[in-house]
Amino acid sequence: MNISKVRKFDTLTINVEGKITAQTAAEFENFINDNLDGVSNLILDLKDTDYVSSAGLRVILKAKKVMNTQGTMKIVNVQEDVMRTFVMVSFPDIITIEQLPI
Amino acid sequence: MKKFLKKISGSLSFNVIGGFVGYTIIFGLIIVTISNIIFINTFKTEYAETTYHMADAASALVDGAYIPYFLKGENKLEYSRIQRELDVCCEKMFVSIIYVIAVDQSDYGSYISVFNSVNNEVDNTNYVPWELGYKRETSNDEYRQKYKALYEQGSTYETVYRIRSNGNERPHNSHITTVVPIKNHTGEVVALLCMQRPLDELLDKMFPYLVTVSISAFMFANLFNVLISLFIKYRIIKPVSEVSEEALRFAEEGTKGNLRNDISNYKVFSDLSTSINSMETDLTQYIEDITSITAEKERIGAELDIAKRIQFDMLPSIFPPFPDRKEFDIYASMTPAKEVGGDFYNFFFIDDDHLALVIADVSGKGIPAALFMMVTSIIISDIAKTGKTPSEVLTKANERICSHNKADMFVTVWLGVLEISTGRLISSNAGHEDPAVCRKNGDFELLKSKHGLMLGTLEGIKYADFEFRLNKGDKLFLYTDGVHEATNEQDEMFRIDRMLDTLNSYKEKSPTEILKGMHNSINTFVGDAPQFDDLTMLCIEMKDDFVSESLTLDATLDNLDKADSFVGGVLDKLGCDSGIKKQIALAFEECFVNIVSYAYGDNCGKAEITVEGDRSKVTLILKDSGSPFDPLGNPDPDLSLSVQDREIGGLGVYLTKKSMDSVAYEYTDNQNVLIMEKRLTGGVGSE
Numbered sequence: 001m002n003i004s005k006v007r008k009f010d011t012l013t014i015n016v017e018g019k020i021t022a023q024t025a026a027e028f029e030n031f032i033n034d035n036l037d038g039v040s041n042l043i044l045d046l047k048d049t050d051y052v053s054s055a056g057l058r059v060i061l062k063a064k065k066v067m068n069t070q071g072t073m074k075i076v077n078v079q080e081d082v083m084r085t086f087v088m089v090s091f092p093d094i095i096t097i098e099q100l101p102i
Numbered sequence: 001m002k003k004f005l006k007k008i009s010g011s012l013s014f015n016v017i018g019g020f021v022g023y024t025i026i027f028g029l030i031i032v033t034i035s036n037i038i039f040i041n042t043f044k045t046e047y048a049e050t051t052y053h054m055a056d057a058a059s060a061l062v063d064g065a066y067i068p069y070f071l072k073g074e075n076k077l078e079y080s081r082i083q084r085e086l087d088v089c090c091e092k093m094f095v096s097i098i099y100v101i102a103v104d105q106s107d108y109g110s111y112i113s114v115f116n117s118v119n120n121e122v123d124n125t126n127y128v129p130w131e132l133g134y135k136r137e138t139s140n141d142e143y144r145q146k147y148k149a150l151y152e153q154g155s156t157y158e159t160v161y162r163i164r165s166n167g168n169e170r171p172h173n174s175h176i177t178t179v180v181p182i183k184n185h186t187g188e189v190v191a192l193l194c195m196q197r198p199l200d201e202l203l204d205k206m207f208p209y210l211v212t213v214s215i216s217a218f219m220f221a222n223l224f225n226v227l228i229s230l231f232i233k234y235r236i237i238k239p240v241s242e243v244s245e246e247a248l249r250f251a252e253e254g255t256k257g258n259l260r261n262d263i264s265n266y267k268v269f270s271d272l273s274t275s276i277n278s279m280e281t282d283l284t285q286y287i288e289d290i291t292s293i294t295a296e297k298e299r300i301g302a303e304l305d306i307a308k309r310i311q312f313d314m315l316p317s318i319f320p321p322f323p324d325r326k327e328f329d330i331y332a333s334m335t336p337a338k339e340v341g342g343d344f345y346n347f348f349f350i351d352d353d354h355l356a357l358v359i360a361d362v363s364g365k366g367i368p369a370a371l372f373m374m375v376t377s378i379i380i381s382d383i384a385k386t387g388k389t390p391s392e393v394l395t396k397a398n399e400r401i402c403s404h405n406k407a408d409m410f411v412t413v414w415l416g417v418l419e420i421s422t423g424r425l426i427s428s429n430a431g432h433e434d435p436a437v438c439r440k441n442g443d444f445e446l447l448k449s450k451h452g453l454m455l456g457t458l459e460g461i462k463y464a465d466f467e468f469r470l471n472k473g474d475k476l477f478l479y480t481d482g483v484h485e486a487t488n489e490q491d492e493m494f495r496i497d498r499m500l501d502t503l504n505s506y507k508e509k510s511p512t513e514i515l516k517g518m519h520n521s522i523n524t525f526v527g528d529a530p531q532f533d534d535l536t537m538l539c540i541e542m543k544d545d546f547v548s549e550s551l552t553l554d555a556t557l558d559n560l561d562k563a564d565s566f567v568g569g570v571l572d573k574l575g576c577d578s579g580i581k582k583q584i585a586l587a588f589e590e591c592f593v594n595i596v597s598y599a600y601g602d603n604c605g606k607a608e609i610t611v612e613g614d615r616s617k618v619t620l621i622l623k624d625s626g627s628p629f630d631p632l633g634n635p636d637p638d639l640s641l642s643v644q645d646r647e648i649g650g651l652g653v654y655l656t657k658k659s660m661d662s663v664a665y666e667y668t669d670n671q672n673v674l675i676m677e678k679r680l681t682g683g684v685g686s687e
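Going down the list, the sequences are from chains A and B.
Following this note's numbering, the numbering of the first sequence begins with 1 at its first residue and continues without gaps.
Following this note's numbering, the numbering of the second sequence begins with 1 at its first residue and continues without gaps.
So here's chain A without its partners, still in its complex pose (with noise of 0.2 angstroms):
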């Protein structure tokens, strides 16, 4: 998993390329929480995530909530399989997700 950003005042883009899987995820929630320091949008471009399993969903919801009390979070870009994991727990109730135009 490769994971990179790109800062632009207050908002903050992460993109994550691979799998966020049980041992990824410990290094996924590390490089956000690492970069959420004066963040009000954060957005997460998933355009090259093909996989996210529980843990990567756990570390998710555990940034909405941050930002929460910070200012706001979304996900955009997110592949079919992936979508599909969103939707089974209910994931675009809670978190805005957008597809955007490449």
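Check each hint, because a few of them may be wrong.
Computed cross-link-like contacts, BS3-like style, restricted to lysine-lysine with a CA-CA straight-line distance of at most 27 angstroms [said to hold, decoys possible]:
1. A:K62 / B:K543
2. B:K658 / A:K47
3. B:K543 / B:K516
4. B:K617 / B:K543
5. A:K62 / B:K658
6. A:K65 / B:K658
7. B:K658 / A:K74
8. A:K47 / B:K543
9. B:K516 / B:K448
10. B:K657 / B:K326
11. B:K326 / A:K47
12. B:K396 / B:K326
13. A:K65 / B:K657
Under 7 angstroms between C-beta atoms, here's a sample of chain B residues computed to sit facing chain A [as the list claims (entries may be wrong)]:
14. E589
15. E590
16. G652
17. K658
Everything labelled a hint here was simulated from the structure, so no lab data went into it.
None of these values were measured; they are calculated from a predicted model.
In this text, a Cβ means the ideal position worked out from N, Cα and C, and glycines have one as well.
Following the hints, complete the assembly by docking chain B onto the known chain A.
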């Protein structure tokens, strides 16, 4: 009232006795009437004759020759003398009147009185005697005619009756007048002497007489009635009624009664009661016999049902029969015709790698066929389990069967032994239908081979082996003639070609569905016609691409990758598409991580991963020897909660349940075992 009349009209007593009473009344009335009439007539005649004799005697006193002279007034002395004598006569003879008259012979319409004597004491009358020469008109035509008869026709005497009813009219009482002729010396009639006698007393005496006679007759007749009625009632009607009542009671109750045999002295009735008695005895005996025969029949019927069940239970009927053997899929059914049948199928393991298949059809129906079927089935399976080839099995079985076949029954058999690991199938045929084989991607076709003679016909028959292969994806269909000889109401048979067509329309389906489809097709074809023969079918499919692989490794997070790759690799072999593969990976990761995190606490332990299945279905089995824990025990997370309230944990198991078709947990042999299954075709995510 109508009911009463109806009842009366049916009663023998009433009719018989009533008939007698009626008859004797009529009879009595007739007798009384006839005797009355005869009596009156006889009496009348007798009285008239007596009166005649009296008148005749009186007429002797009158000399007819003198009549003309008396009428002229001459011979007064003689006249007085005769008149006196007539008076004495009248008094002594005790008659009302004696008078002599000369009738006008021209028309007899009038007469002149010559002599006249009256005796008023006789009848309490007050007649005044006529004078000589007193003229008078003839009273009526009767007198005229009688006068004429006396004068002209030489009649000896005439009688005139005057009957007054009730006798209450005086002075005209009932009387009889007898008239005799007075002749002169030449024999010519010159006058008539009339004598009148009263009848009242007579009639008065007559009436009581008649009444007495009638009453006596009536009483005697009734006495007779009573006697004959009693006789009829007690000697005839009573025995008949007794017999009739007993017959009626027996018809209603069906139990033996106790009619006396000496019901009557008369042979007719005693015979009747004897007959009724013996009939009752016989009937009650018959009823007892029939009751016990019927009970026996029911018992036999119940035993027949049990026999049917025993026979049915001999056929393997639990499907799938070998759930742990994934290499093949097998299904069979036997639908018996109305009676207990003689078809059977069987399959059993000879050893771990050899499966025997048998299908057979016994000749005949009913209990004999069923018994023979069971014996044959046991003989064949016993010999087959010793590992002989099918031809040897049938040859030996034939010897056994023929040696004990006094009933001359026989059976067609197809026996095959399948080597599961290679698909090699050796079969032998004893007069049975050729099986149908469907190669992978092909059609069902008959697989012809040499047919031996049916088992049980002749000793010494040698059978031959026929070898072929059942490769993965091939199907074998066995059947009996009940299938292709099923007949509809137009007497058409289902036939082999229709059977093959139906098989081919289901050729992609599982053996269970193929047999169901065949059943439906045959039932539709046969319609309402009765099923004459057993319908027996067996189908076995060699499963395609069955894979089973296992991996055991330490349950650590580091090993997640390795474990995931292993699972993915097997899924690739099964041709699983990526969407489903990801779902399975999701479920697998969650469960594996659970073991990693919780199974061994702070210690380390192993996890055993097994992936197996075929193109249609995959099963994932995870085993660990850690502390017992049922991951499915916790309830699903509440997804309706807001972000703040959502649980962090619990999503993994939820995702597992949602991703797989089924998840099951059990703790066996000190191991936690988690079994997950997912369909690979036609399921979610295969779009």
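Evaluation of the provided hints:
1. A:K62 / B:K543: Violated, because 47 angstroms separates the two Cα atoms, which is more than 27 angstroms.
2. B:K658 / A:K47: Roughly 24 angstroms between the alpha carbons, so the hint for B:K658 and A:K47 holds.
3. B:K543 / B:K516: holds (19 angstroms)
4. B:K617 / B:K543: The hint holds at about 11 angstroms.
5. A:K62 / B:K658: holds (22 angstroms)
6. A:K65 / B:K658: holds (25 angstroms)
7. B:K658 / A:K74: Judged against 27 angstroms, a Cα distance of about 25 angstroms means the pair holds.
8. A:K47 / B:K543: Not OK: A:K47 and B:K543 at ~40 angstroms, beyond 27 angstroms, violated.
9. B:K516 / B:K448: holds (25 angstroms)
10. B:K657 / B:K326: OK: B:K657 and B:K326 at ~24 angstroms, within 27 angstroms.
11. B:K326 / A:K47: violated (41 angstroms)
12. B:K396 / B:K326: Violated, at about 33 angstroms.
13. A:K65 / B:K657: Answer holds: A:K65 to B:K657 is near 26 angstroms, not above 27 angstroms.
14. E589: holds (5 angstroms)
15. E590: B:E590 check passes; min Cβ-Cβ to chain A is 5 angstroms, inside 7 angstroms.
16. G652: Given a least distance of 4 angstroms, the restraint on B:G652 holds.
17. K658: At about 5 angstroms, which falls below the 7 angstroms cut-off, the nearest Cβ of chain A leaves the hint on B:K658 intact, so it holds.
In terms of the numbered hints stated before, the structure departs from hints 1, 8, 11, 12, listed from lowest to highest.
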